[in-house]
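S.K.: Each chain is listed here by its residues.
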Amino acid sequence: MAPEKIEALTSTRLKTDEMIINMGPQHPATHGVLRLLLTLDGEFVKHVEPVVGHLHRAQEWQGQNRTWFQYQALIDRVDYLSGMFTSWAMARAAEKVDGCQVPLRGEYMRVIVSEMNRITSHLLWLGTYGIDLGAMFGFPFYPFREREKLLDLLEAISGQRMMFNYIRIGGVQSEAPPGWFAKVSEFVKEFPDRVDEYEAILTNNPIFIKRTKGVGILKKQLALDYGVTGPSLRASGVPLDLRKTKPYSVYDRLKFEVPIHEGDGDTFDRYVLRVKEMRESNEILRQCLEQIPGGTADELRERRKACNSCGKADCSNCGGDLMIMAKKQNAGLRIKAGEGFDAIESPRGILGCYIISTGGDTAYRFKWRNPSFCNLAALPDLLIDHPIADIMAIFGSIDVILPDVDR
Amino acid sequence: MSEEKATDKPAQESLSAGPFGQFLLEHGIPSTRLADSCGVETIELEEKHLEGAMKRFRNSAEVALDLLIAVSGVDSPETFDSVYHLWSYSNSNELVVKVRVPKSSVAAGQLPTVTSLTPFWSAANWHERESYDLVGIRYVGHPYLRRILNPWDWEGHPLRRDYKQVVDALNDKNPHSFR
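Protein sequence lines correspond, in order, to chains H and Z. By the working numbering, the letter at position 340 of the first sequence is numbered 340, and the numbering carries on one by one without gaps. By the working numbering, the letter at position 52 of the second sequence is numbered 1052, and the numbering carries on one by one without gaps.
Just chain H, with the same shape it has in the complex (with noise of 0.2 Å):
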């Protein structure tokens, strides 16, 4: 071969193409259907422009167009992993409108089963990270065991196994059934030795940590520009949690961490970060069963065998700090004319609800603030410069659910 033909063919002037691939919308990973659009060059990603709208059920447009009550009904479908959280969003923004205090009893019923809710949704995200590492065989039914006593124990609480309708405004909908405490308190005992088990698995696994450490990489100040919260925030070291920040509900009365990784925030940093909010939400569960007024729903049902139930406000064992609902519902719900914004922890961030109500039947404009829609914009500029096989790493690291992107 002449020598400038094998010059041209070995140089590093050789000029390669960059490649288009689509990745998804139906990829087995993306816990949904998120469609990626990739300029490759090689093995490498060089650009990224994520398609999303797959599961746009138009939540705002039927928030506007059904009543406060049926619209409750709905809600829990924005986030299916954590419909606990997207209920309280909208409740605490209807009740901050509406001027209506929540008993008590109801605010840490609410705590806890969020509390519930939110390891339910890690649990999920453990056992499905495993699956989009690579790890198809075994690890998976770990979490999944926890996570199904837990589901047993919402759906037993509310009637749904993921769709609960439970929080509702000005309260909870119902009272726990007989035995639900002490299930709950025996979940809690053994749980810690649950997470030391998946602990046991992954955190000094090898392969894991060949997959994630130095992975996907969110710097502290990209988080900050582009909104990021949750867990992915913390685990690039701001301590922005609303429960601690901005104490709601009975956040204020509750001992707990938050927990914060001062590293550089790759993959292997947001799972240490979650792992550890299990255990905080754990605790968290442990101290709520402990105070919450009234004591569990098989001690209140015998205190109010005095009182035959009742039901009067003034009532010491029907009234006051021990209800769960506020006001009554029913179908003609209505919240006063005004506007207002609230905003939770979800599992993945900062959950907001704004809503501009008439005084009607219906809301006037409704708007969700997700935080997998902030945290998912981020992903374009974590991805770059990564091989294919990361994208899955890191995009299953910072947590994303598409149908709460969508909405």
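I should point out that these hints are in silico values taken from the structure, not numbers from a laboratory. Treat each hint with caution, since some may be false.
[Said to hold, decoys possible] Lysine-lysine pairs mimicking BS3-like chemistry, simulated, CA-CA at most 30 Å apart:
{"hint": "1", "chain 1": "Z", "residue 1": "Lys-1164", "chain 2": "H", "residue 2": "Lys-220"}
{"hint": "2", "chain 1": "H", "residue 1": "Lys-336", "chain 2": "Z", "residue 2": "Lys-1164"}
{"hint": "3", "chain 1": "H", "residue 1": "Lys-189", "chain 2": "H", "residue 2": "Lys-276"}
{"hint": "4", "chain 1": "Z", "residue 1": "Lys-1098", "chain 2": "H", "residue 2": "Lys-336"}
Here the structure is a predicted model, which is why all the values come from computation and not from measurement.
Once you've looked at the hints, dock chain Z against the given chain H.
M.R.: Frame of chain H, contents of chain Z only:
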């Protein structure tokens, strides 16, 4: 369905500027204070002052409103509103900023325009795309203003009050239609 009434009463002139309004005045930017939304200061800015005000809110160390929570487009009876919820990472400051474009100033077939905040927050990128998609507010200076939740070839802006759904297979009354 409720009657669509005015969302809020005409701004009361008597409200004196709140802390954030004062802060803006010190920098020579006029703003109108609206009725508080659930205890959070709410100000209205003219569209031309939006960029300067946001720059100061974000970069000043004392105010530090550096977390853009949400950009919401609202189709009010008289105006198109772009509502910004600003929070702070480091303190508990909260502010609601509204930019209102009167419907009378929007020419037929045109979209109302508001300055884009993407130079200050990358977060504004997707929020503004969403607001453009659903309410139809054009953000001037946005690098990639394209529909985000609806398909790219969608017609109309679904969260407008006068939006009529285009005919599809479900609501098509024409028996000869092939849809």
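S.K.: Next step is simple, just say for each hint if it's right about the structure.
M.R.: Now for the hints, and whether the structure bears them out:
1. Z:Lys-1164 <-> H:Lys-220: 44 Å, violated
2. H:Lys-336 <-> Z:Lys-1164: 28 Å, holds
3. H:Lys-189 <-> H:Lys-276: Within the cut-off at roughly 16 Å; holds.
4. Z:Lys-1098 <-> H:Lys-336: Within the cut-off at roughly 21 Å; holds.
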